[in-house]
Amino acid sequence: MFVINCPYCGERDQSEFSCGGEAHIVRPKQPTELSDDEWAEYLFMKKNIKGVQFERWNHAHGCRKWFNMIRDTSNDKIHAVYKMGEKPPVI
Amino acid sequence: MTKYRINKTRFVDQTKTVSFTFDGKKYHGFEGDTLASALLSNGIHLVGRSFKYHRPRGIMSCGSEEPNAICQINDNTDLTEPNVRATEIELYEGLKASSQNCWPSLNFDIGGINNLISPFIPAGFYYKTFMWPKSFWKKIYEPLIRLSAGLGKSPTQPDPDIYDHKHEHCDVVVIGGGISGIISAKIAAKNNLKTILIEDKNILGGSTIYQNNKNFIIDNQKSNEWLMNEISELEKLDNLIIKTRTSLAAFHSYNYLLAKENISDHLPLDKKNGSIRQRLWKIRADKVIVAAGAIERPLVFNNNDRPGIILANSVKKYLDFYGVSTGLNNIIFTNNDSAYETAVSLFDKGISVKIVDIRKRSSSNIVKNAEDLGIKIYWNSTVVNTFGYKKIKSIEIMNLSEDGSNVTGNKHKIQCDCLSISGGWTPMVHMHTQSGGKLDFREIDQVFVPSEKSGNHINVGSCNGDFELEEIVKNTNNKVKKFLNINEGSFDKISVICSKESEKKNIWLLPNTISESKTKSFIDFQNDSTAKDIKLALREGFKSIEHVKRYTTTGMATDQGKLSNMHALGIIADTAGVKMGTLGTTTFRPPFTPLTFGAIVGRSVGKFFDIVRKTSIHKWHVQNNAKFENVGQWKRPWYYPINNENLHEAVQRESKAARDSAGILDASTLGKIDIQGSDASEFLNRVYTNAWSKLGIGKCRYGLMLNEDGMVYDDGVTTRLGENHYLMTTTTGGAANVLFKLEDYLQTEWPELDVYLTSVTDHYSTASICGPNSKKILKKLFPNKDFSDEAFPHMSYQDAIIDKTECRIMRISFTGELSYEINVESKYGKSLWENCIAAGEEYKITPYGTETMHLLRAEKGFIIVGQDTDGTMTPIDLQMDWIVSKKKYDFIGKRSLYRSDTIREDRKQLVGLLTDDPNEILEEGAQIVSELDKKPVEMIGHVTSSYFSPNLNKSIALAVVKGGKKMNGQKLFVPMENKNINVTVSDFIFLDKENKRINA
Ligand SMILES: [Zn+2]
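These protein sequence lines are chains A and B, in that order. At position 58 of the first sequence (counting the first as 1) the number is 585 in the numbering used here, and the numbers step up by one without a gap. At position 741 of the second sequence (counting the first as 1) the number is 1369 in the numbering used here, and the numbers step up by one without a gap.
Just so you know, the hints here were simulated from the structure itself, not pulled from any lab data. All the given hints hold, so there is nothing to weed out.
Derived lysine-lysine pairs resembling BS3-like cross-links, with alpha carbons at most 27 Å apart:
hint: 1; chain 1: A; residue 1: 604; chain 2: B; residue 2: 915
hint: 2; chain 1: B; residue 1: 1066; chain 2: A; residue 2: 604
hint: 3; chain 1: A; residue 1: 556; chain 2: B; residue 2: 1514
Just chain B, with the same shape it has in the complex:
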């Protein structure tokens, strides 16, 4: 046993040694230790440097509130994890931990120099100082701050661990496995309610499990022994799920809880492999009982941050739970009775202990117990200073004045190697407020407690402000029974004997002889904000607690101010002369403790990140070397390179082939909506800008859909399959939104219409064949069909049979070429495609991807919704007046087309752009200006589509330009980083304006 492992307990197995390293040095602890308890058993208190002043800092607590002992775990580039609290990580064989925020090393830290210049680093220092000169930011301030600041290193490689999500539903969730949580869970589970008990530690029992004090008796047993029996009873209950190592991250409305379970974090390295690391539970509970406990408060006095200054109950836990003494010569500094339990515990183990108490007296049993043992108590005294750089060595105390606002008499110095502090207790009201609950301020002991309200959750135990054992047990029993409508419970006749606190006194900032500006009384240990900073912020005019918090950074570190928020509030209230109750608190936001990104995303990583949709022809594309592009969730062939062609080369070849002979495109991803019903024609009249009533059966028509604000929303070709039957196509990315919008109008505005919509996008596969030889290929595929213009004109459709399979052939064109689209049921898509390729072989039919499709349609001046439009373009802006019906009384967006703003003549309008140098290709998104010399430069538009056209042998572009309609022939400029490109506004139809090709 090490010098500081002085006690054997049932919680740490001292027969099982565990070795670990801290800052590269090897140490030993035991199974059951945390990293913090193992370090302390080796006499190590100094574990980090503070954020701003780089002051040496030690382990201060034993739980999630820990501000100082935050470590980097593992040193691999993929598994390393920063900001892990040493108090929460269970020791395992091979654990590698190192301190953070220290450069070059923990023991010699160059940033410590900040401590010496600290009078010059007040609150808001960074805001005030580094604001100017602006040019200093990038090269001087930022690198300087980054070098000496920061909380650990992020991994640079992908996380190899597996994370999981699980949904659960139950009657009751109990948050917290301390004594009140155990009582609650037992009452619930015994009454036939499916119950889940969540505890963040590895075992149940909270702080009562190591209480072991004769002043705390339940049913004639010491409280810890009684609780031990209760826990073994609990484990026998069938409808109770006990989840240890599980911390509640968030408590949302309607009792929706997120809890993170650590599954393999505590296992030795060789046993972690392949196991799920963490699981995020998503629990919907009928009722929630919050038994989250309380956190001990520190005391705020000069130099209250030295290593060896530890919260009193944590000292007790290290002693009685882990068997580790945090010091051999202890002083306890307190304002309440609870710290006396620590004193008695230390005394029992033969460790020297003295007490400094700011109160004048207390006559409770536990205080009498300490006095009877002969423990020296300095009443009515406060600590005014501490000494020791890397570990506390001594303290100075003075008497308090009558009202506690000042100190009197002489300084008295006492030697020590550990100072336990206790400023009372703060109920953990985070869960309550996260769920929407309100708080009340209780003057007597200066705590915020949950407001009573009738809801679907209650708070019990110390998180509800019940601190004494008897009230915890009895109030919990009564409250839970009432909440769950239970008449009789197992704890109705329980007898509890406990010490009761008789005197309460609270001073948020303890007085001193020296002026405040020369003291360092820390409030937020992790972010290094002091009482002085808070007062400065108030003097500078900050009043709202939310503003003071941000200005001083109090409560904004990774511990979220669990130890600091109350003192900040208290000092603000005292200084400003307002009541704490009226000041309110800052917002408690989830997560309660930091969550890993892995736990948040769960299995949704890699190929499970999003749904991938592939057409039935996908395999052929892969076999034929296609490069793919993501369009929404679809994988679409982008281009098909041959012999190491790059994108440009492939697209030039594909585009030329499509215009010179034949090209083929997989158009299966276009959205398809089947529209049926006796009012289908009327419905289309209302959703498209053009008229649909007179469209004959077997004909196709292009339609433009607007939003109610008049802006183009989607477009596509719709085919009339029968009297009351249409097939609408939408853009690939817009399919789901279009269906959503159409359903909305149908259900909410026009419920009288007899129309039914069905998404059939996945039902059909589409091969689109275009080019001058396309008709010949179709004839080979369908020898019995008449493809003459008379029998099968442009914008019409016919049913046909291929390979004994029914299909639909539409003669429609998005390229400006003669073009046919063949639709078959998806399962026949690949065979259709292969038939087309075979039939087209003699014409060198060329598969082309989305990039070539974009180029071909741009040559023809066809827009792509979402590329040439951006939600601010009307059909008039797009020079598509021809498709807007003047006769129709109404359609979606019609009225907006003549709002004062939409009829402005200087709106951005679609134009063509030709570069003066025909080989210069504009960048899509590039800005357009009309005058280069004017300052500030006025942007009058931007390029929306740009390509080199192999068919026209020049660069072409589409753009939107203010007032562009009237600018044909005008010279404009596209300023780039190194040059200005001269362009001329042109017609946006670059090829075959007369539609000779489509009708060829």
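Chain A with its partners taken away, still in its complex shape:
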């Protein structure tokens, strides 16, 4: 159970949050112009690696804001949290 530092609310227990998978996957602006393979790449191919990973999180039982997190999945160390639209900090 992590302690997550919501960029809007501060430190809260992990039970208040839900994880939304890999971050920085941009929804294609013109989906109709993509081939099946290209669309499938966007739609299905999400990473879940062992190591440092960029993730989307939502403060579901709090401010309901989405934000990004850099987390090492091998030891659950959270390197950084940052707001949607912000550039990931260098770690």
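Dock chain B with the ligand against the given chain A, drawing on the hints supplied.
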């Protein structure tokens, strides 16, 4: 005093007698006893039978590592509890305990026959033997195994006890109240840190509290006396919370700890009443100091499992803590110095004791002390056999060869009534590894110790591999000061004198003259796995420790291998010729000791199990005899039986009334999302499959929402309340998920849109009136309003006033009938409803529930998301092409609608089904086939909704069938257990395809 209660101690109050029963017989112990110490004081060692061979087993330890003494506590059907360790349960007046795994009785156990045939029950026996013939499983093997196996009985009635949860935050948690934990807690608390000290026993002090030996001196006092003073000092510290009878269950990342406190388990029966039984603490600590101690290892030799064979330090604890002698004629069998403390203690009380030591010599103070007292020591010797069925009677010893791999010379038999064994110590690294810490292997004494790392927890004392008193005290002091950034501490100038071990020798499996296949050298006492089993598993090709563990079941019993894992590893390493350090360990998983389900769920039982949501009209439904259905967390009226009607009868009556005159439904539970902002129309365009820009103010429109994969996610009617203002409705169960999904897109994909979402589900109550007379009823309710089709057409909304209260009227229909939904602020919901009922009385307005609603919409061919869809249905599959905009450039899921897989023509598609026998009602979920004779039978679809329609006077069903769109009129079959039902594919709109009723 009984024969075996030979010593008075300050821990057991021998003026306070406590009576209890074991296997139905009454015994006495004292306040302060555990069940185990009380049994031993009565001379009872035999407490159970082993799992596989049903060998007699005795109490072996004094703590949570106990493999044998597991009991059934209480005999009531609601309070009985299996698998309780006798070594951990404190004695209370009226305690009823019984042995487990013995049939018909402890002293005569029929399963003992397994012991005689044991050469035929090797590792993996169950896997190998009972695999075939398959038909034997159900009738022969399983009943046989169940009869003679098993660990106790589960309660059959609900647990009447109260359990509790509590959250706590603090600066420092110290796990373990032994000497290193006490030193740590004092340093932390004295430095202004809010500290919690957790100890699973009823008093602090660990094993030092009963050390009482002149070879162990701290600041010129015996170690136990020094510690006693420290404990009374500790109790005066303000910012220290001491939690005894509290065991740490789990150590999660970010210093999140779960600890179980026993609050009333130790109280006499008449004082337990009404008290909380156990409390689960959920602690978030800034820093954690683990001082969990070490567990003594057994030694592995032939017949090492007889009652009366006990770990040496446990023998000492029973003697010096509880005042109970585990035997009057003792032998100690050891490979290290610590057991000599037990020997000296026994000697001091005038009890006969001899020592068998596998080492050649040791020159430490404690060994000299024992020699000076004249205690006989057999050096360089090992036990090769033991005798005595229900209690040990004698042992045979032999000399060890030079390298320890063999035995030499003659067998020498020695009489005894207790054999204390000590194979050294295993640091309790469970907590460290649970939190993510790694381990190093220390060759010199063959232990895994925590790897040093900079983190938010440290390990101190014997769980860190410090076994000698001086290093425990000094290392703990230094480490804790550094960890907490403290310069000066109370223990900086402490002087410690202790015996120091000079010789170390470890043999995982002690040698014997007879071949291994004929010995029973137990490793896992509870699961009956032996050294032979481990070696067999290796010969059969198992290499990974995790596989050997599962194949032999070593370490998989309720004690989780606390005594057995190291020996299993050691024997694997020796046999396979690899180093233990490279072999690694099995995973240490929480909980450290078993947790009750009660402690896990806490107060979340009965009506607190989940949130219950009720509409503001709920009371009326109850008063009018509604039966309720759970929809998500909502209680919705299911049907309203009159005069003992059953579900079917009530639904037939309600459905007919709704179509013939008027029906009324509480639709308050539908999810409602208020959408505002200058981009609200554009937002709806992107989330629904159809177009929204041209929807006029005051109009309503049905929308279908997809997932990005093109599958139907939710549906509902959305009303345009103003230029930039919409009210969206969702399915009852989908409301929260829809809001979550919409917020996700809004915040992450389309942050440029000016849109605000607010959940208003609870803000409004909704009465939905339908049927040919609904317009007349509305006119009575709103006499000033024009309900003509021109003024108030289908799919539109108007504001109105009822009882001086503002409301919204939507003319929308989920039944196919002329229908109005009236929304008011929730607090006026019940009065609105009662007004509707009163106004509808002359038309026999009939309240109907969810079941009738489902039937009515099925007659009309309207889908229910989640019933007729399952996350694999596209709008095209549902024959709802009409709602998918071709013009819109994009919406969620659009691109997926023409992926190669979604345009397949043989996808399951929504169809209607009519049974050839109009009275036959299909079962929802039933499979559909096209050919009965084809083997294997090919399932081409299933029934999603099925009802008897009173309005059509026949059975109707919705189904999804592969390629169903093109099957209209085709004959299919629904095979059931006893018969095949003939069906015909039909249009899925069964009633009023022309929409005459809606516009009536
Ligand atoms: Zn937040």
